[in-house]
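Numbering-wise (my numbering), the sequence shown opens with residue 1 and increments by one.
Take these hints with a grain of salt, some might be off.
As the list claims (entries may be wrong) - Computed beta-carbon distance windows for the label pairs:
1) E91 <-> P196: 15 to 21 Å
2) Q115 <-> Q37: 34 to 40 Å
3) D297 <-> V369: 17 to 23 Å
4) R47 <-> P196: 40 to 46 Å
5) E287 <-> G50: 53 to 59 Å
6) Q366 <-> R71: 34 to 40 Å
7) E307 <-> D138: 24 to 30 Å
These are computed hints drawn from the structure, not numbers from a lab. Where is the CB? At the ideal position from N, CA and C, for every residue including glycine.
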Amino acid sequence: MTKTFQDAPRQTLQKGSNQIAIRSYNERLVLQLIRDQGAVTKAEATRATGLSPNAISTIFRTLEEEGFILRDEPIRGRIGQPSTPMHLNPEVRHYVALAVGRRSMELAVIDFVGQIKASRRVIIAYPTPQSVLAFFKDNLSVVLRSAKQKRGDIAGMGIAMPFEIWSWTSEFDAPREEMNAWRTFDLVAELEALVPWEVVLENDATAACRAELVFGSRSTMQDWIYFFIGTFVGGGIVLNGSVFSGRKGNAGGFGPMRVPDKDGKNRLVDHASLVVLEHQLLAQQREPLAIYEETADWSQMEPFLSEWIEQAAHNLAHATVSALAVIDFEGVVIEGAFPEAIKLRLVEAFRHQMEISDLQGVTMPQIDVGHVGRKARILGGAACLITQKHMIDQNTLLRSQ
1 MTKTFQDAPR QTLQKGSNQI AIRSYNERLV LQLIRDQGAV TKAEATRATG LSPNAISTIF
61 RTLEEEGFIL RDEPIRGRIG QPSTPMHLNP EVRHYVALAV GRRSMELAVI DFVGQIKASR
121 RVIIAYPTPQ SVLAFFKDNL SVVLRSAKQK RGDIAGMGIA MPFEIWSWTS EFDAPREEMN
181 AWRTFDLVAE LEALVPWEVV LENDATAACR AELVFGSRST MQDWIYFFIG TFVGGGIVLN
241 GSVFSGRKGN AGGFGPMRVP DKDGKNRLVD HASLVVLEHQ LLAQQREPLA IYEETADWSQ
301 MEPFLSEWIE QAAHNLAHAT VSALAVIDFE GVVIEGAFPE AIKLRLVEAF RHQMEISDLQ
361 GVTMPQIDVG HVGRKARILG GAACLITQKH MIDQNTLLRS Q
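Work the whole structure out from these sequences, hints included.
Laid out in structure tokens, this is it:
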């Protein structure tokens, strides 16, 4: 049976305990604090966590000895001894990440702070089990060599991939027979037979949300919606400062959410997905898969691009109001597989749609752009492993699995 990643412990910041028995919890707490703040002194960590100065000193010493944190230049000019901020060591862990999408595949080596050290990416018409395995086998040694890493240097592997990828084949013109092969194919088991590392799988949009949380803007919001617009629209939700994936890993999968009917289609996926723009381009005898090339010139896609942005923004607003009626989210973050300029246009159009929406009974959320960019899904492959091993999460601490 395929293993899927279950939310590992993370939260915004809690108080620690001075009992040695839960040292691992306290070390995760401090690592999370340093990741969120960028650099932290012992005094700042003591105040933020509630741990004793001796406990913080012990944790800092252990994390430094194990290579997780490095010293910055001492801060001088204050009363008393100079204080030394500590920051994360990017080289302490490296991860292999595989992103399998409906129109692309990417393999990368990523370090502890979310820097992509090497990657390979291809555009495809649709993914099959054998094409994914072949891509992995052909490119693993290449990306490891480019990243100057050996197999023994890798801490784990994360896969970001749509769940039930065999669904909705007609929407992206994939042959149902070939896609049905995914129903009985265990990608995790197949890859574990090829590599010496732990392999985990997470829904690709949830993984993208996790990348935003782990590597992104260090948002002060505790509860927010995350939309990722790729071939199909998806997303994730953050509760209590942590990604909440749900028992089946599908929480925040906004694609099936119903929106006001238009042209006989009433799902968000039918209006706010890049496949909609694909079909518009194809109808004009233009190359539809060009939008997935990272160097594509999107200005050549007018007027269809502007029409798609308005349509997507309109329906994202409807979906957001419905979500706000269930949980009082503080904000909405929008990311996607498109250039930064297109993302900014979509966010502005979405903000306008929210401003003219009927918000009776709900509160206007803070609206923001994603800070990770179009690489969010591949970065999510590393983020899920970092979350699992090196962070804490109030959402799952007391929850039975």
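Next item on the list: Tell me, in ascending order, the numbers of any earlier hints that this structure violates.
Entry: 2, 7
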